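Protein chains in written order, with the working numbering: chain A, 1 to 356; chain B, 357 to 712; chain C, 713 to 1068; chain D, 1069 to 1424.
One or more hints might be untrue.
[Claimed, not checked] Straight-line Cα separation of at most 25 Å, DSS-like style, residue types lysine-lysine; simulated pairs:
(1) A:Lys321 x A:Lys304
(2) C:Lys970 x D:Lys1389
(3) A:Lys74 x A:Lys202
(4) B:Lys660 x A:Lys270
(5) C:Lys970 x D:Lys1264
Worth flagging that the hints you see were computed from the coordinates, not collected in a lab. No experiment lies behind these values; they were computed from the predicted model shown.
4 protein chains.
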Amino acid sequence: MAGNTIGKRFCVTTWGESHGAAIGAVIDGCPAGLALSVADIQGTLDRRKPGGLPSETSRREADQVEILSGVFEKRTTGTPIALIIYNRDHESHDYDRIRGLFRPGHGDFTYTEKYGFRDHRGGGRASGRETAARVAAGAVAEKICRQYGLDVMAYTIMLGGIWADRKEISEVNHEQINANLLKCQDHEASKHMVEKLEEVRKEGDTLGGIVEILVRGCPTGLGEPVFDKIDADLAKALMSVGSVKGVEIGDGFDTAGKRGSENNDIQVSKGYLSNHAGGILAGITNGNEIVIRVACKPIPSITKAQTCLDADGHEIEYAIKGRHDICVIPRIIPVCEAMVWITLADHLLRNRTARI
Amino acid sequence: MAGNTIGKRFCVTTWGESHGAAIGAVIDGCPAGLALSVADIQGTLDRRKPGGLPSETSRREADQVEILSGVFEKRTTGTPIALIIYNRDHESHDYDRIRGLFRPGHGDFTYTEKYGFRDHRGGGRASGRETAARVAAGAVAEKICRQYGLDVMAYTIMLGGIWADRKEISEVNHEQINANLLKCQDHEASKHMVEKLEEVRKEGDTLGGIVEILVRGCPTGLGEPVFDKIDADLAKALMSVGSVKGVEIGDGFDTAGKRGSENNDIQVSKGYLSNHAGGILAGITNGNEIVIRVACKPIPSITKAQTCLDADGHEIEYAIKGRHDICVIPRIIPVCEAMVWITLADHLLRNRTARI
Amino acid sequence: MAGNTIGKRFCVTTWGESHGAAIGAVIDGCPAGLALSVADIQGTLDRRKPGGLPSETSRREADQVEILSGVFEKRTTGTPIALIIYNRDHESHDYDRIRGLFRPGHGDFTYTEKYGFRDHRGGGRASGRETAARVAAGAVAEKICRQYGLDVMAYTIMLGGIWADRKEISEVNHEQINANLLKCQDHEASKHMVEKLEEVRKEGDTLGGIVEILVRGCPTGLGEPVFDKIDADLAKALMSVGSVKGVEIGDGFDTAGKRGSENNDIQVSKGYLSNHAGGILAGITNGNEIVIRVACKPIPSITKAQTCLDADGHEIEYAIKGRHDICVIPRIIPVCEAMVWITLADHLLRNRTARI
Amino acid sequence: MAGNTIGKRFCVTTWGESHGAAIGAVIDGCPAGLALSVADIQGTLDRRKPGGLPSETSRREADQVEILSGVFEKRTTGTPIALIIYNRDHESHDYDRIRGLFRPGHGDFTYTEKYGFRDHRGGGRASGRETAARVAAGAVAEKICRQYGLDVMAYTIMLGGIWADRKEISEVNHEQINANLLKCQDHEASKHMVEKLEEVRKEGDTLGGIVEILVRGCPTGLGEPVFDKIDADLAKALMSVGSVKGVEIGDGFDTAGKRGSENNDIQVSKGYLSNHAGGILAGITNGNEIVIRVACKPIPSITKAQTCLDADGHEIEYAIKGRHDICVIPRIIPVCEAMVWITLADHLLRNRTARI
């Protein structure tokens, strides 16, 4: 398979460019009989839209998803589910200036090196816009996972160097996360983050952050050693999101500095006494919560002038124009959730053949 | 595909348990005409053996690899390459004590939950021993990559909380790394690491660490967006190694605290002015060095007594016996390299069809 | 992967139901830089339309294909190519009568058994309409293959028991095939076939036939033993077409009655003296023409009354109404060609990694 | 994936050359908990050995299979099952004469064209010997299928132009097939076949034949449209066997000459009134017996002199020496069965995710 499909049993293929006619996803392998409507997907997709922060893009996409196949009388039929989102706001801007330019931190140079040329309009396939198709597909995966009692939530724990007060996992809740524009449960810290975003925006700069993802209610047994360990598949799924530069499971990099006696999660008859492992042992879920953190780099599109190469190899000074977010947070939050839903749905289905 | 194959074009399937008859790998998709001998593989495999540190296992495996197919008159034929390593030291120890026991931090419980029972001897398939097959396959991948001028080296940058003095990437070299038992270029820090290992060993405990992997000479253009980005595939490959709990590319988690203007790597006519991205943009190599770090948890097999669950759900105190390393470093070093070689070989081949 | 994707490097995923909103295909793995326009695809697609025979369906579909992604400034970009064909004529007919009915020879019963229910409208996913998406994708594959000098042509050699006069392979030509409504090079036989179709139509019955597919200009070396032999992949691709019940390569079933000395194709310095093997030896193309024949069953939708089971297991007499072809020939011809183009394109790309 | 793996969930990878050290198979995706012993596999493998006919090879291989992994205490563990068969009789013959020769009807030329050179000894990877690994893997697949009540039997219906008297499917039975050296239920016809084999052997020639495969007890619902239809996957699996040049399902090529009213299998409350479809409708099993026929070409290794090309393109006269069968029947019979078992096991497992 080429690179635009993820999953081995619940298989999601996405397609489309930022300024093409449309973007979409085809889901193959979704079991029949699952209740599914446009509203199920649209609700999730709406969470990815700009939410009103000054730090967010002013590009306005209705992002209306349509289900073109695979659903009949409100249930999935077992055949491929084609989802499409037309790009309605894609002709209004002029990208001619970047046609012959390799913007720093973007895929302009690498796509050109690989393919010989590129669709330069708005980043083409490399645009964050592609993630809308992932979110749409993730909403279908979520419906499968919910049948098994799983719950996934992603939230901001750091933005621009400002850390949220860390909660006990047991205190993390959807209400407080969703009540916050930055999807940060620490509303006090969030205020500082918003201020920082505004400050940095004025300077023509951008910020990064860290998102944590928590999976509750995950059954034991998901993951297929030795290469398709659930943590390996989650790492791939999340690292495939454009801005992500690091993924860690459970205590992640901190475990490197610990002793075995500190890091082992003791299991007693009533459960685990800790969760340093983040719910995964030997690549298989152990019944504990899955805990993942991803590092998101600052958005490379800054309005400050930078040196760029043009196609002839000349250096020029270039200040990016256009509608851009200051930080991928909070819009990356539903994307991270989608990638986790998709990976879990795939492994839930694969796990059905673990035993004779 | 089930979970024991990695790669889409250069495909490695490993098999075997710690205390079964043998372990092995089948490589399908290796191009014909590559010079390959047992010595090529054996040399790499020998790097994975215990090297004489007191902190290492006393299990002695000759680890003699045999090539059973796919090579004729010293060249690969284009047909599957079967590699086998017989387990010669597998009957000498008694694992009956752990048969009905779920050791903390191991896959004992999760394998049993998934499959209904498990091969308990030495961790069975979940044992680190499985990685010998990866290293053998990695040696074949390395031969492909070297044809393209690539070089991969992994080395210790932290062990048990002791950090090596960080070198400029340009100063990292094989000689100084290989001259050190812990594969740490900072020989002074390495002394402290060795002392720490000895100290912790006496306490019946274990340590973790951080390994950095550096790829030099990588051509531009490797990686297939959007899901098979080269960083996504590297993250999966490395996270699939048993002890790894975190993977980061380039500046990784540090990028989350930076501004776009700091983090963008400015490209000028003579090259890049920095390498925060770790050689990958939009999932495709950009010609810069690839830089990856992986966090390795402390080995869960400690000789201190811990509470364990038995198969009946009773808690018992258990102190692990047997031949165990104190830290996965340095033995994980060639495994990390192997996973990177395999991923790069796969993408080098896949990239041959990028253009018409 | 689930079942709606074919190809390992040139990967085609189709989606859509007969009476859903649209059908489509996503092509992943098409190399960048290939000239491609809507007209390239539309021209091929038009060949699949009813051509004016009285034996053909009166369903009129404009079958206008759109390219939604993967093409920029008339060249492929290396990213997924999404093709869509809206179903414009899908609401005009009433399929309520067959909702609770299992029509003989159709997938009504088997889809219901597998998935628990089905989209009954016009056969849903099992409809021949799905093949329009294959033909569209095949047109892209054709463009790749033509770069290598390949030519594929399919034509009728038997219909309703009437055999065309067999030509020498060297005499088969596009002009005479395309000049005939049944895509039969023997225009005399074709007249009898048309008469037979008309006769059978009046009786409320249907006919089958045999199609031969000829590939000229195929380079040596295509095919990947041992399972992905080019003949194995061709057999799968063609057998996946709804009406096909048999596939043979070269002399096919006739070889079973021959001696080795008769069947071996002697190769001399100027080429082969015969082509019993149909251009494939040990699963790899040998430079001779590839010759394939497929058996197409009569269309099961007859207007004569037949006994059917309903969902409650009762037997009822049912005469199918609606717009149906009398024979899958000639409309299956471009579908067969498409499946061969797709398989060849996939193997042309895969073959680029055969040697180091 | 490269070409040496078949199956998407029950995945079989074979490796090994005719005159290499060993051949083998790795099965990934076999569910845990299946009772499996060496004897289970060895018994099936023994059916592939030469059975004492004068028309069969005098090469004597013990063909002792070993299970190297994936089985613990007589049950599968869910991890990869590695099977190995050492080639014990592989050094006794001299293949130097064919090193620079392209034998007619063999893969000598095509392998050399594809890979640049080849392992010429006994056909290397293209040898029928590779099928021993398939048969071994098929025995594991059979054990899965038998849990679902399936039975597969293959038998000779034509050899060298001599047709067996066709039985009603209901009269086909293992006892009469297995009691016959040619696996032909018509023992009278079999006598003539044996005579023909002997006659042709004396003339230095070889014969082909037709094998029918019957699957009983197959549940409804197996197969994944639209490309992984069960008939498409069966066609691929069987066409991947070296000698097979044609595959047909149910009435196969005969359906092409029938009318819809003749060919439709009427389903009544107590079952089907006929089985022209061979148990498969729209690519999914319908509960009827699956019936398949494969055409096997005559073995190309004849002892009569033939013109061959050598590596320099010169024509020479060459009479093949060595141990060769006169006909692939009966030794291909267990190979055909193995390919069907493997395909069915794969689809039985895949079907577990058809519904939510």
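Check: Is Lys660 (chain B) close enough to Lys270 (chain A), meaning Cα to Cα at most 25 Å?
Finding: holds, 23 Å
Next item on the list: Assess, step by step, whether the Cα of Lys74 (chain A) is no farther than 25 Å from the Cα of Lys202 (chain A), and give holds or violated.
Entry: Roughly 48 Å between the alpha carbons, so the hint for Lys74 (chain A) and Lys202 (chain A) is violated.
Next item on the list: Measure nothing beyond the straight line between the CA atoms of Lys321 (chain A) and Lys304 (chain A); if it is 25 Å or shorter, mark the hint as holding.
Entry: holds, 9 Å
Check: Within 25 Å, alpha carbon to alpha carbon, are Lys970 (chain C) and Lys1264 (chain D)?
Finding: Roughly 12 Å between the alpha carbons, so the hint for Lys970 (chain C) and Lys1264 (chain D) holds.
Notebook entry, point to check: Is Lys970 (chain C) close enough to Lys1389 (chain D), meaning Cα to Cα at most 25 Å?
Noted result: holds, 21 Å
Hint 3 alone, counting from the list given before, is not met by this structure.
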